[in-house]
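S.K.: Line order of the protein sequences matches chains A and B.
Residue numbers for the first sequence follow our numbering, so the first one is 17 and each next one is one higher.
Residue numbers for the second sequence follow our numbering, so the first one is 17 and each next one is one higher.
Hint data in this document are derived by calculation from the structure and do not stem from the laboratory.
Do not take every clue at face value.
Per the computed footprint, the stretches of chain A lying under chain B, defined by three or more beta-carbons under 8 Å from a beta-carbon of chain B, are [stated by the list, open to error]:
# : stretch
1 : 160-170
2 : 174-185
3 : 283-293
This one's a predicted model, so the numbers in the text were calculated from it and none came from an experiment.
Backbone N, C-alpha and C define an ideal beta-carbon position, used for all residues, glycine too.
Number of protein chains: 2
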Amino acid sequence: MKSILMGTLFVILALSCNSEASMDAKKYNNKSSLEKESAPTGESVSYAVAIHGGAGYQTKESISNETDLAVRKALNAALDAAENILSKNGVAGDAVIAAIEILENDPNFNAGKGAVFTNEERNELDASYMDGAKMDAGAVGGVTNIKNPIKAARAVMEESPHVLLTGKGAEEFAKSQMLEIVDPSYFKVQSRLDAVRKAKARKEVKKHGTVGCVARDKNGNIAAGTSTGGMTNKRWNRIGDSPIIGAGTYANNNTCGVSSTGHGEFFIRYAVAHDISALMDYKGMSLEEASNHVINEKLKKAGGEGGVICVDKDGNISTPHNTPGMYRGYVTDKSRGVAIYGDEELQKVEH
Amino acid sequence: MKSILMGTLFVILALSCNSEASMDAKKYNNKSSLEKESAPTGESVSYAVAIHGGAGYQTKESISNETDLAVRKALNAALDAAENILSKNGVAGDAVIAAIEILENDPNFNAGKGAVFTNEERNELDASYMDGAKMDAGAVGGVTNIKNPIKAARAVMEESPHVLLTGKGAEEFAKSQMLEIVDPSYFKVQSRLDAVRKAKARKEVKKHGTVGCVARDKNGNIAAGTSTGGMTNKRWNRIGDSPIIGAGTYANNNTCGVSSTGHGEFFIRYAVAHDISALMDYKGMSLEEASNHVINEKLKKAGGEGGVICVDKDGNISTPHNTPGMYRGYVTDKSRGVAIYGDEELQKVEH
Chain A
17 MKSILMGTLF
27 VILALSCNSE
37 ASMDAKKYNN
47 KSSLEKESAP
57 TGESVSYAVA
67 IHGGAGYQTK
77 ESISNETDLA
87 VRKALNAALD
97 AAENILSKNG
107 VAGDAVIAAI
117 EILENDPNFN
127 AGKGAVFTNE
137 ERNELDASYM
147 DGAKMDAGAV
157 GGVTNIKNPI
167 KAARAVMEES
177 PHVLLTGKGA
187 EEFAKSQMLE
197 IVDPSYFKVQ
207 SRLDAVRKAK
217 ARKEVKKHGT
227 VGCVARDKNG
237 NIAAGTSTGG
247 MTNKRWNRIG
257 DSPIIGAGTY
267 ANNNTCGVSS
277 TGHGEFFIRY
287 AVAHDISALM
297 DYKGMSLEEA
307 SNHVINEKLK
317 KAGGEGGVIC
327 VDKDGNISTP
337 HNTPGMYRGY
347 VTDKSRGVAI
357 YGDEELQKVE
367 H
Chain B
17 MKSILMGTLF
27 VILALSCNSE
37 ASMDAKKYNN
47 KSSLEKESAP
57 TGESVSYAVA
67 IHGGAGYQTK
77 ESISNETDLA
87 VRKALNAALD
97 AAENILSKNG
107 VAGDAVIAAI
117 EILENDPNFN
127 AGKGAVFTNE
137 ERNELDASYM
147 DGAKMDAGAV
157 GGVTNIKNPI
167 KAARAVMEES
177 PHVLLTGKGA
187 EEFAKSQMLE
197 IVDPSYFKVQ
207 SRLDAVRKAK
217 ARKEVKKHGT
227 VGCVARDKNG
237 NIAAGTSTGG
247 MTNKRWNRIG
257 DSPIIGAGTY
267 ANNNTCGVSS
277 TGHGEFFIRY
287 AVAHDISALM
297 DYKGMSLEEA
307 SNHVINEKLK
317 KAGGEGGVIC
327 VDKDGNISTP
337 HNTPGMYRGY
347 VTDKSRGVAI
357 YGDEELQKVE
367 H
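Same shape as in the complex, but just chain A:
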């Protein structure tokens, strides 16, 4: 039975930044983080972007001022990059790649540089990308030397006949596409290495967040992307939900785009990203209703911790999460906001 291994490989969600919180999920009872959360609706926007840097146990007590500031700065830089493209009539896909590239290059997030370590003390990265106009997608799993896995995911969609490439094959493909290849040591961040050694000693598998972006451009096209280092101390070449279309990433111009973060196995089993789109498409739910139903009812009931960021065809934004915190932000032509903690509203700073 699953419980045999679950006993020794205790899976807990930890925050995505370098410090670690040891809160007991069961003790945590911050209602506001479990309630619906959405950015401005009802106002007509010309473009809209949502980003995340991982859902987990971020609380004011567990995060230093320094990390708090660094994360907000990075989230804003990612939003700037996406907005800079969309405000000039650029396409949603370019905005998604630009925002995620910034988060991948920042060691505060578990994606690209800053990725967590496997049991074998390696960094194995996963990413996926979907274009909601073409309903086409690309993904890479378990890659170790591609500087920006999100770019490889998009290249798989655009330049190969496949959707999902893995390991050495995916790396060979990325090289053929002239993407930047780095020595695997590029990804090494000492605090992440310390974390996996601690996790190994305790026989724990720790979930450490993900980054993602969904954008809707002025022409109504939606794109979504997700990138991660996966779980600290993961084994057996485990692949989570981040490179799985329908689980970690989904985009459909007729409904919405979604990027997930959380305990990946639950997001795969519940086809979370596709399910939100299906509830809008087949049941007529709004983005807010659909995303909250999946995250705060279905997933929560099943014990699946995490959250999503979503943007719908009209530019509405929803960022529900059933964890204490989630690094998140949004920008439209009307306003922008970033937030970390569950009880923190997305600041609505007018442009």
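Using the hints, position chain B against chain A.
M.R.: Quick look at chain B alone, frame taken from chain A:
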């Protein structure tokens, strides 16, 4: 653009057996294979099983009498194995594993022994399994020495905290579970090796079918599984839809179980297996309506060739496919049938 590679890596669906057909898809116009097809409905059944051995270009002209007979014999043996379990009050999951194991061990199908070869002339196998009562799942991707990948998929669900394990890691896990490990040469079938050499010379990637089973037991529990060798001449450690929960396999006791076969990239992009369940759940469609809508409207419009076998919570069976043929069969406590060609009805032999 994708077209650059699509030009040299021409993807065609070919039949799953050892002979090869060279029919032009565009010339094919067998309406009956595109119409809805379903096994007995309206009669109350105590158990129900559907199986497939791959959708593709099976026609009476392209398949020898010998292969026709061997395939029907194997499909019936798989149905026997599943029925033997379910008629004695066994569980759906055991029936799925027993049926797929028989198809994996038979060189006539592209799964287990008989798997197609990659560009590097290796056999890389994918499989997944889902339990519709627990909404839990397991899968393996790109494994080369596990005799029955479907058993490894179920073990991932039952004995690991993960859903998807790949490559060497998945093999190490399977070994730790005492599953039968074979020398990779076990999977070699000469005709498959000849086929990949021909495909390499022509720079083609050929889709070669899959095997799958969905079962509903007397207690109303549904399980589904899928196993494949993937595409002939695949590269870059490509993973298709077969190990992807929501694309190749899905099971939910409240709706249905689904196993897919066809051009995997389309099945991933359209989250085919989950979409059929969602249409039943959120739009109130019957199994027949939902599965036909996805295969013969959505997928067909997008150019995605293939089919599914499905069993719903009441034991109804549907086996739509938009290809000329699909190796398929079903059995309930009332009747059984097997078929290969598109214009062939599932024979309804009374028990």
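S.K.: Which hints, by number, does the structure contradict?
M.R.: 1
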